Amino acid sequence: MGAQVLRGLEPLAQDFAGAAPFRHVVIDGFFADAFARRLLAEFPVFERGNSVNENGDIGLKSTVEGVRELGGAWEEMDTLVRSRGFLEWLERTTGISGLLYDPHYFGGGSHENRNGQDLDPHVDFNRHPLEPWHRRLNLIVYLNPEWDAAWGGNLELHSDPRFEGDRVSTIEPLFNRCVIFETHDYSWHGFRRISLPKDRESMSRKSLALYFYTREAPKARAADPHSTIYVDRPLPPNYAPGLLLDTSHVGELRTLLARRDQHLQRLYRDLSRLEAECAALRGSALERIAHFARRALRALGR
21 MGAQVLRGLE PLAQDFAGAA PFRHVVIDGF FADAFARRLL AEFPVFERGN SVNENGDIGL
81 KSTVEGVREL GGAWEEMDTL VRSRGFLEWL ERTTGISGLL YDPHYFGGGS HENRNGQDLD
141 PHVDFNRHPL EPWHRRLNLI VYLNPEWDAA WGGNLELHSD PRFEGDRVST IEPLFNRCVI
201 FETHDYSWHG FRRISLPKDR ESMSRKSLAL YFYTREAPKA RAADPHSTIY VDRPLPPNYA
261 PGLLLDTSHV GELRTLLARR DQHLQRLYRD LSRLEAECAA LRGSALERIA HFARRALRAL
321 GR
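Okay, so the sequence shown: first residue is 21 according to my numbering, each after it adds one.
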């Protein structure tokens, strides 16, 4: 671990508890520098990962969940973050007890975002898809030796992107910088479109993403199970009466409308799937048994 991690728990715990717009902490030099560089050297090529997005299209983001297959440094990282000592450090830093490591790395692992990729503000899915666990923390370590805030791709933490008074905390994805934040139904986060200079378009935004869970839901913030919830970005403030649209404006509008259509199509697919499942249940043996049970009860009531 890096020097700032080892400097003591109390300052980190205070930073986490007092952060806005929701609890989080930023830790530079999270790993020892040599170890972070080993992770970067063994980072998988884009084509090795899963680059199919939530709409079923090939996108500009690639993820690899099987991190122990990526090399020695990634195997060492996995051994560290699953250890009782690391989980206890994370519990004391965040004040969340009973944290569970996810051996499936569902949605986590290595993340790579290419030029042109962005991520609309969203709150994450809140239940593990395979285990009866509640999602509580995201831990992200960035692996970008060269990054300029002007290139986009900066992590944005929102108070509420649906309202004009939205307060945003911006964090640059700098090398060996770790961000830990609590996940719940108002931990809105995302990043604006990556727009690299012409001479750096082959670069990408790289990170390690870890998600942690508990067996019990937080009493004050328990919510029904849900998948990731997105909020489409609003029109930029320069779109006002009198604006003369040029080619860039039209392209921006087309992108925003296409993104909204993709989200709507995904929701329609989810609804269609649920309706099909309900229809199958209505025709199942269980439904027929219930039907005869209701008839029997009515007959007894006569």
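One or more hints might be untrue.
As the list claims (entries may be wrong) - Capping the alpha-carbon separation at 20 Å, the derived lysine to any residue pairs in SDA-like fashion look like this:
| id | residue 1 | residue 2 |
| --- | --- | --- |
| 1 | 81 | 229 |
| 2 | 81 | 217 |
| 3 | 239 | 53 |
| 4 | 81 | 104 |
| 5 | 239 | 43 |
| 6 | 239 | 42 |
| 7 | 218 | 165 |
| 8 | 81 | 215 |
| 9 | 81 | 42 |
| 10 | 218 | 296 |
| 11 | 239 | 170 |
| 12 | 81 | 96 |
| 13 | 81 | 239 |
| 14 | 218 | 170 |
| 15 | 218 | 134 |
| 16 | 81 | 135 |
| 17 | 81 | 194 |
| 18 | 81 | 295 |
| 19 | 81 | 120 |
Bear in mind the hints are in silico, worked out from the structure with no lab data behind them. Keep in mind the model is a prediction, meaning the values are calculated, not measured.
Okay, the hints, checked on the actual structure:
Annotation: proposed proximity of residue 81 to residue 229 holds, straight-line Cα distance about 13 Å (limit 20 Å). For the hint linking residue 81 to residue 217, the alpha-carbon distance of about 19 Å falls within 20 Å, and the restraint holds. At most 20 Å may separate the alpha-carbon atoms for a hinted pair to count; residue 239 and residue 53 exceed this at roughly 39 Å. Our distance criterion of 20 Å between C-alpha atoms is broken by residue 81 and residue 104, whose separation comes to about 32 Å.
About 17 Å separates the Cα atoms of residue 239 and residue 43, which keeps this hinted pair within 20 Å; it holds. For the proposed pair residue 239 and residue 42, the alpha carbon gap of about 17 Å is at most 20 Å, so the pair holds. Pair hint residue 218 plus residue 165 holds up; C-alpha atoms about 18 Å apart against a cutoff of 20 Å. Annotation: proposed proximity of residue 81 to residue 215 holds, straight-line Cα distance about 14 Å (limit 20 Å).
Taken as a hint, the residue 81 and residue 42 pair is broken in the structure, with Cα atoms around 26 Å apart against an allowance of 20 Å. Among the hinted pairs, residue 218 with residue 296 is inconsistent with the structure: their alpha-carbon atoms are about 48 Å apart, more than 20 Å. Restraint check: the Cα-Cα separation between residue 239 and residue 170 comes to about 40 Å, which exceeds 20 Å; the hinted pair is violated. Only pairs whose Cα atoms come within 20 Å are accepted, and residue 81 paired with residue 96 is rejected, the gap being roughly 25 Å.
Between residue 81 and residue 239 the CA atoms are separated by roughly 35 Å; this puts the pair beyond 20 Å, and the hint is violated. Using a Cα cut-off of 20 Å, the hinted pair residue 218 and residue 170 holds, with the two alpha carbons roughly 14 Å apart. A hinted pair counts as satisfied when its Cα atoms are at most 20 Å apart, and residue 218 with residue 134 qualifies at roughly 13 Å. Pair hint residue 81 plus residue 135 holds up; C-alpha atoms about 10 Å apart against a cutoff of 20 Å.
Proximity of residue 81 to residue 194 is assessed by CA-CA distance (about 18 Å); at most 20 Å being required, the pair is judged to hold. Pair hint residue 81 plus residue 295 does not hold up; C-alpha atoms about 31 Å apart against a cutoff of 20 Å. With a C-alpha separation of about 26 Å, the suggested pair residue 81 and residue 120 falls outside the 20 Å cut-off, and the hint is violated.
The earlier numbered hints that this structure contradicts are 3, 4, 9, 10, 11, 12, 13, 18, 19.
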